[in-house]
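A.B. asks: Chain by chain, the residues run as shown.
Protein chains: 2
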Amino acid sequence: MPVYKAPTRDTRFIINELLQLEQHSSLPGFENASADMIDVVVEECGKFCSEVLAPLNLSGDQEGCTRHADGTVTTPKGFKEAHAQFREAGWGTLSAPEEFGGQGMPHVLGMMAEEFISSANQAWGMYPGLTNGAVSAILVKGSPEQQAKYLPKMIANEWLGTMNLTEPHCGTDLGLIRTRAVPNADGSYAITGTKIFISAGDHDLTENIIHLVLAKTPDAPDSTKGISLFIVPKVLVNDDGSLGERNAVSCGSIEHKMGIHANATCVMNYDGAAGWMVGEENKGLAAMFIMMNAARLGVGIQGLSQAETAYQNAVKYAGERRQGRALTGPAEPNEKADTLFVHPDIRRMLMDAKAFTEGMRALCLWGALQVDLSHKAASEEERQMADDLISLLTPVIKGYGTDKGFDTCVQMQQVFGGHGFIEEWGMSQFVRDCRITQIYEGANGVQAMDLVGRKLAMQGGRAVQAFFALVDAECAAAKAKPQLEALAGQIEKANGELKAATMWLMQNGMMNPNNAGAGAHHYMHIMGIVSLGLMWLRMAELAAAKLAEGSEDKAFYEAKLVTARYFGERYTPDAGALRRKLETGGEAMMALPVEMFATA
Amino acid sequence: MPVYKAPTRDTRFIINELLQLEQHSSLPGFENASADMIDVVVEECGKFCSEVLAPLNLSGDQEGCTRHADGTVTTPKGFKEAHAQFREAGWGTLSAPEEFGGQGMPHVLGMMAEEFISSANQAWGMYPGLTNGAVSAILVKGSPEQQAKYLPKMIANEWLGTMNLTEPHCGTDLGLIRTRAVPNADGSYAITGTKIFISAGDHDLTENIIHLVLAKTPDAPDSTKGISLFIVPKVLVNDDGSLGERNAVSCGSIEHKMGIHANATCVMNYDGAAGWMVGEENKGLAAMFIMMNAARLGVGIQGLSQAETAYQNAVKYAGERRQGRALTGPAEPNEKADTLFVHPDIRRMLMDAKAFTEGMRALCLWGALQVDLSHKAASEEERQMADDLISLLTPVIKGYGTDKGFDTCVQMQQVFGGHGFIEEWGMSQFVRDCRITQIYEGANGVQAMDLVGRKLAMQGGRAVQAFFALVDAECAAAKAKPQLEALAGQIEKANGELKAATMWLMQNGMMNPNNAGAGAHHYMHIMGIVSLGLMWLRMAELAAAKLAEGSEDKAFYEAKLVTARYFGERYTPDAGALRRKLETGGEAMMALPVEMFATA
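Keeping their order, the protein sequence lines are chains A and B.
Count along the first sequence from 1, then add 57; that gives the number in my numbering.
Count along the second sequence from 1, then add 57; that gives the number in my numbering.
Treat the hints with care, since some could be wrong.
[Said to hold, decoys possible] Derived Cβ-Cβ restraints for the label pairs, each shown as a range:
#: 1; chain 1: A; residue 1: P387; chain 2: B; residue 2: G309; range: 31 to 37 Å
#: 2; chain 1: B; residue 1: G376; chain 2: A; residue 2: D276; range: 29 to 35 Å
#: 3; chain 1: B; residue 1: E481; chain 2: A; residue 2: V651; range: 21 to 27 Å
Since the hints were made in silico from the structure, they are not lab data.
We put the beta carbon where it would ideally sit given N, CA and C, even for glycine.
One chain only, chain A, in its complex shape:
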């Protein structure tokens, strides 16, 4: 059975040593986030995930969810009990606002928990995970009454939430939705329509589920400008907070999916269900994007999470499996064969994974800090800078993070040879579960277009220029230090490719937007490389300093330096190739008449 141990040492390294959360202790919510307290939270959260959630992962995949004849849905064995433990321990409330019963701690800690939870059990983690998205929409757009009525229960995970966007004929293009919201006399709406791909749409973990549903009011414009957002509880909530009647919403069926079998992906039927509008009429898309942006960071970290757990299992297997001999001669002559670790190609896959997971973890936690700073930093300038950076990098964290996360899972499965293909080893599940992260909450092609079409142009390119300047400044400073010179040079070069690609897009995307679309995917990947590169540069600098001051944890910091070197050598060269591809533009890509794609 697959194993999982939360990477608590690496996480504490990033939060306490790299991000130095203590430095921000004057900000609200950061007061109590001392290094000692963080150490405890990280270790305890890791323990919960490894001991309670991870053992349910493989069995959950094999059992899946069951929809009964009466439309009720049962989650796999153990899921409900794990949820009760989770709720009791308060792991879902870490960075939720204290006003509604949360612990009000920095987002950095919430992000940490999301990684561990998802590594341990992605399908399970989606039940509370989707709730976070729903909560964030109500927090920003809900009325005080709605907030008071729903948020405390949702934040306490007594009720869970969902996001209902997709319909059979539309996903990305939400302007096409057909679900209708007809006003009732009492100020509520009657919601009618069919939503598909609703994660955690129904289940037995909680007695109520709060659906956030996109629908159109009768005279709404026939486009994304005509979408409104509604709260539709599974069970109606009385004014005193007690549960009332069952609402007219039900799970029509559960999809048969490639992965995340233990999460009930439902077709949801709304048959005149009572709903309450969140925010203004026809402004649902903006509310939806609030959910989306939170969810996108969460999906990026899911990509990391599957890569991490797949990596851990591959490392274990590589250490136990003996096959062949080192190219340089037997490493353990007394054994019949050496372990897989002697083979460079096995090391290549493992080092690729290590360079990705550790770099991506730093990027995600740094990103979460930007979310905090964008709200809470002392100066407007700091808040703006943080907001610019996280807005720019959200599609990169989601798109690049899940593309690389999936590739990493596949490579880790490859370490197992034939055994990787056998379900009992669990590697197939990591690949199958991770696959959805490239698709949901905006397919990665949509992320790439968000980056190139929207984020680059924000405030005349302010965010991307700030990012360039940040990377260049840190590279320039690091190049002066002999131990960092090579890595800084490689990252500076990759940043140069990114700048050149940006310039090319600016010049040629204006002329023909297909030139921008044709390069968006590649551009997102270059920015992913540079972003991870910035993190590796910082980690290498810190590790070098720790070693210079004679840290006791020598092996840990030395490993950081080796992995940073590996990143520089084996990740950064792609930036140039991607830039060259991007600069070929959209002509050949768009030239073929549609009928010539058909196989003759």
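Following the hints, complete the assembly by docking chain B onto the known chain A.
C.D. replies: Just chain B, lined up with the frame of chain A:
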């Protein structure tokens, strides 16, 4: 339900126009391979695969194979009937030797059939597919009696065959096998041991199954030099060819796999089963490699086959699904949305796939011609050249072909958005089925080491030098033609990267073989790019000539030119990045102490 139409026009283009099989009509087996005859064979074979095999693909995946309490195995509904039709039509005998009942046609046609069969139904195709490997070993190493006894029935697909190599503790490192072969008084051997991952290990398609089994005789050296190969029939065959008693071999269980559910991957238990040695004692590895090499080309074409069928379905979906608008303004203003075809990122994925599948098809069919020429060409020089090229490129066709084949399936699934994750659409199956191609018959890391450690050094590098010269000569000639100049330049540059990488490996792999191992994967991919590039250059040249002479099939040849351009622009830049990575060597890759891989 997913669709499949055999790409007969493209196949005929390659066989008749590009390879010009008719030119070789003086060679044995090629006499009757006229263009007209080939057209008929290709179309009829395609029809059979599309109409008989493809409709059983999704249902076969969903049903899987069943092992009954008595150890017998049932294949999914329709498989047995399809096998009977296949046998009757003789599609398995195309390029088998006439001496044993085959049709004696060029391997090119056998390869064509393998692609179509596997595209239509990979799991089904493995039943006759594995038989081909077993047949080739008996053809080369079997005694005349063994050949007479087994080959006619196997070639006629009345009996099917298997390859039994892997054991629970060893796959790649066959020196470790424990299965024993103890001589009986009558010249046979008693085979005892457990084999795992035996594709088509048991089933109900035929009344007998001929297992080829690697085992060790009692005093055999404890290494790969102590392996012998045995024929172990499921049902013993009497001297008159009739079936006798059931042999002591049985399926212990069927593995639960990520994909190819409809192929019974068996644990096979040999309990003193009667076996007959094939070839010499302790020379089993050489016999095994005969099976292997045939199988590796077959697996390469499986990678292509899944990419092709996934591509076809993605094209269909992209044409039907309407979502969003073209970046340049609505393409079909009267519709509520444009089709996916207007989006550059969708085109990117489809063009990537088209450039791969058409290039890979040309490479595989050209490779099959080299197999033919290596045996049958008129001069020793031609035979040697063909043998050199196909020996060199077999690991590339297997390793690069399946890596890219899998990536293509994943991208084609991505075209479907959320629907790609739903099993009923079939895209998940293509990904899951294709995944095994990177693993079996030698994991792709093993292919890379075969290429770098063995094939490069053959006869002092004769094969790779011949390959370089071939590519350079064709690029130089093509550069003189304005229409081909850009593409030829790009491929020449990629070939330059390949030559530089080769030189680097020669110099640094000697010094430390880990430098070779650390770059093997990247090297294999550079050679894959150059090999496809050579094919695209040839196809572009031919297409340009056809257009110049005013061919009626203008759209087809114009599409070839567009796709060739796309290949040059979007595939070749990776060669440089791969070379740069390779040249960083094995130091950082091998530096980390094993314990530092463990997550802290």
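A.B. asks: Each hint needs a verdict: does it hold in this structure or not?
C.D. replies: Structure-based check of each hint:
no.	hint	result
1	A:P387 <-> B:G309: 31 to 37 Å	33 Å, holds
2	B:G376 <-> A:D276: 29 to 35 Å	34 Å, holds
3	B:E481 <-> A:V651: 21 to 27 Å	25 Å, holds
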